[in-house]
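Engineer: Chains A and B supply the protein sequences, listed in that same order. Sequential numbering from 103 applies to the first sequence in my numbering. Sequential numbering from 33 applies to the second sequence in my numbering.
Treat the hints with caution; some may be incorrect.
[To be verified] Residues from chain A that face chain B, not an exhaustive set, calculated with beta carbons under 8 Å: (1) Gly241; (2) Gln266; (3) Gly343; (4) Leu486; (5) Arg605; (6) Thr713; (7) Val727; (8) Tyr730; (9) Thr734; (10) Glu735.
[Unchecked claim] Pair by pair, the computed Cβ-Cβ distance ranges are: (11) B:Asn57 - A:Ser602: 16 to 26 Å; (12) B:Asp125 - A:Ala282: 21 to 31 Å; (13) B:Arg270 - A:Leu467: 55 to 65 Å.
In short, the hints are calculated from the structure, not lab data. Cβ atoms here follow ideal geometry from the backbone N, Cα and C, with glycine treated the same way.
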Amino acid sequence: MELDGKCPTGPIETRWDRHKFELKLISPANKRKYTIIVVGTGLAGASASATLAELGYNVKCYCYQDSPRRAHSIAAQGGINAAKNYQNDGDSVYRLFYDTIKGGDFRSRESNVYRLAQLSVDIIDHCVAQGIPFAREYGGLLANRSFGGALVSRTFYARGQTGQQLLLGAYQAMQRQIAAGRLTMFPRHEMLELVVVNGCARGIVTRNLINGKIESHAADAVILATGGYGNVYYLSTMCKGANATAIWRAYRKGAFFANPCFTQIHPTCIPVSGEYQSKLTLMSESLRNDGRIWVPLKKGDTRPPNEIPEEERDYYLERMYPAYGNLVPRDIASRAAKRVCDEGRGVGPGGYGVYLDFRDAIQRLGVSVIRERYGNLFEMYERLTGEDPYKVPMRIYPAIHYTMGGLWVDYNLMSTIPGLFVIGEANFSDHGANRLGASALMQGLADGYFIVPYTVGHYLASTKLEKVSTDQAEFRDAEREVADRIRKLLSIRGRRTVDSLHRELGKLMWEYCGMARNAQGLQYALKKIPELREEFWSNVNVLGSGEEFNQALERAGRVADFMELAELICYDALHRNESCGGHFREEYQTPEGEALRNDAEYAYVAAWEFTGVGNPPRLHKEPLVFEYVKPTERSYK
Amino acid sequence: MRIILHVWRQKDANSPGRMVRYEVNNVNPHMSFLEMLDVLNEELTLKGEEPIAFDHDCREGICGMCGFMINGRAHGPLEGTTVCQLHMRHFKDGDELWLEPYRARAFPVIRDLVVDRSALDRLIAAGGYISVNAGSAPDANSIPVPKPVAEKAMDAAACIGCGACVAQCPNASASLFLGAKISHLGLLPQGQPERYERVLKMVTQAALEGFGHCTNIGECEAVCPKRIKLEVIARLNRDYLIATLKHIGVKETVEAGVG
């Protein structure tokens, strides 16, 4: 089947405006008659639930954390892009669009990306009005910095805490709606099933994490804003609770999953220090504005970095990509780091690390400027590693950071299940095969503040929905499935902990479906994953009961879904016989080791349909058409 | 390294709790404190004992979800650090540590080291925002903010809402948390229209939630992982005083919890 993204046609500059006019409206008096469920309270979920409530809908919002303010958007450090051209350096909506299409290695939709670039401007206006304390110049106007994959300064930031400040803005907007009675918040509630009635998404089943109660919630539309699935790799920069359960349950109910193998490896994370490691910590990409990345020229050079003279250092990014230097996009910087470490030139214990050195920047600008720009990041690095980055270079290594893939959505951000909308990182829409830095915050807020509030209204106005009640069979059946699954997890009482099985899955995925992939390795992983899944379901040990606060049980449910998702990621990676963005197949590379795309055969979105656990998923293709930015080899030289 | 832990175990809000002693051997100094608890929990699970419940999520010191008392100090001994960022290299072989949940009337215990901090959300709902609907904002640069003002607002806005200030305060006052939001929004030009109404509503809500008064002890500042300064409480008090003098109408008058 060929999928239709329902993108508008005609001049790209006016597509969204024309589309908005065509979207049906609901009168202010009727909005309160509709109930909308939003799952997740990161930038996308918080901004969507606040905005829908402002418009007058009844909104019910769910998160597994103790407060909506905790969602992992809060950890985004570097900034948010917007095509304001405040720096007078040649930026424009069209340039942000162009950079994002090219940065995504020509695997995203032009219409979506153009709209994203347009809305970036409104996001900054709204966030400033909310009181987000963005960095300022001495004249009182907004400051900018540059990020990977761009030659202009269009990134707005609040120290190294941009995600935190933007999320608190959206969270405060939510709290205002809670006080107004239009939004009901359900913290410590985890969505464990989607309920579909007559083909439309009509509700969810949740588990109350405090007392274990399984509850049904009905609505007229369901919005998933549950983030990415990077924790399938166990070690990632995601928060510990991040999981794929909501989108995976929706996939099993008929929503297609698009481009699952497009995972982003972030080049600047603190290297792994031991077997007990529970997560990886990112050092903001903004550090690459002033830090220089290097390794020793010689293999196995164990001298301390400050004793290695200039001529024996290899600033490999500056050497290989002189135009962008240390600011090449993430996929390129990550692969280059892997290459020099595989050559035996990596630094630190285990040899999997490269230096990020601020010596020259400190000489040029002085310590105080560097402290003002990156003080909190330097402090965090020192706290974690016990080393002072003002004196010795940081050691960094790539880690799983973001997932470009996600549930397939059309231009209205609706999945293949009518009434099920998917926003933010949980969908696949705007970043193609590689996301540019400072674009995740932009997409989450564009989806939540400015897109889904219009398109959900259109869906409700143009669909005839019958009344549903949580007493009807579809809800009862879903509740029973959830309860059975929990009972099964608790009854195994095997010999392995949830974490040990999760760690094993993560190692397998990192090894065979990580920074570099090949057909043989993927086939091996596809053989191993079902075995590990079998091991999980026969030998996991979850203590306690389902009727209480039980964190091991929460984790077990999430890992059970990762055990299925991992297989889908490998199927997708194996079928895509090309390299693009974060998906690097070793068989397909240029003589210089760069990603070799195959536009003739793979310029499409791969959307997968569930056919049962253990069965190969069914592939559907949405062809990608490029009318404005013609696919070329992505060069940052 | 070998560490001896005494951990508060409590099945749920209605059951009595008690301290239980554990020994953790082979602690690696590069582990984070929570990774040490992960290792202990793995051991307990394999022995058939229920693992220790503790809240955590980002493990990067920014989400504010983690936090408990280590030897009577919220987030443990290292200044300006959440417990997820505290590493075992700051402890010695043989150290004996007492772990307890945050204790405050407004933070009921859920299980072991996990407490309910939703009262902090309700303080924000009472007025900790600027009322602006999506779509109605002017151009971002039409509201200039002097750099020093923006920096001060950012210092206050850095609060992660972990509740350590409340837990450490002998009065269980939320004044540092309140002061941080009042300062962040009250310093910025965008926050002026609702400035005085905001402080009255938030302070009133704090009293309703059972947070105590501030008596200028300063324990909150000492344990704040984001180093929020006591100065924000001075701003809170000043704005509250002005607001009461202006007689801005807040319907219920409750004895307010400012110092």
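Engineer: Return holds or violated for the Cβ distance of Arg270 (chain B) and Leu467 (chain A) against the range 55 to 65 Å.
Structural biologist: violated (37 Å)
Engineer: Let me know if the C-beta of Gln266 (chain A) comes in closer than 8 Å to any C-beta of chain B, holds or violated.
Structural biologist: holds (6 Å)
Engineer: Can the hint on Gly343 (chain A) be confirmed by a CB-to-CB distance to chain B that is less than 8 Å?
Structural biologist: Status holds, d = 5 Å.
Engineer: Can you verify the interface hint for Thr734 (chain A): is its Cβ closer than 8 Å to any Cβ in chain B?
Structural biologist: violated (34 Å)
Engineer: Would the stated hint for Arg605 (chain A) survive a check requiring a Cβ distance to chain B of less than 8 Å?
Structural biologist: violated (10 Å)
Engineer: Should the hint that Asp125 (chain B) and Ala282 (chain A) are 21 to 31 Å apart at their CB atoms be regarded as holding?
Structural biologist: The hinted range 21 to 31 Å is violated for Asp125 (chain B) and Ala282 (chain A), with Cβ atoms some 55 Å apart.
Engineer: A closest beta-carbon separation below 8 Å is what the hint needs, so does Thr713 (chain A) meet it against chain B?
Structural biologist: Hint on Thr713 (chain A): violated, closest Cβ of chain B at ~34 Å, above 8 Å.
Engineer: Taking the closest Cβ pair, is Glu735 (chain A) under 8 Å from chain B?
Structural biologist: violated (36 Å)
Engineer: Report holds or violated for the interface hint on Val727 (chain A), using the least CB-CB distance to chain B and a cut-off of 8 Å.
Structural biologist: violated (31 Å)
Engineer: Return holds or violated for the Cβ distance of Asn57 (chain B) and Ser602 (chain A) against the range 16 to 26 Å.
Structural biologist: Holds: the Cβ-Cβ distance is about 18 Å, inside 16 to 26 Å.
Engineer: Can Tyr730 (chain A) be said to touch chain B, with a Cβ gap under 8 Å?
Structural biologist: Since the shortest Cβ distance to chain B is 27 Å, the answer is violated.
Engineer: Against chain B, is Leu486 (chain A) within 8 Å by beta-carbon distance?
Structural biologist: Holds, because the Cβ-Cβ distance from Leu486 (chain A) to chain B comes to roughly 7 Å (cut-off 8 Å).
The structure is inconsistent with the numbered hints 5, 6, 7, 8, 9, 10, 12, 13, although it conforms to all the rest.
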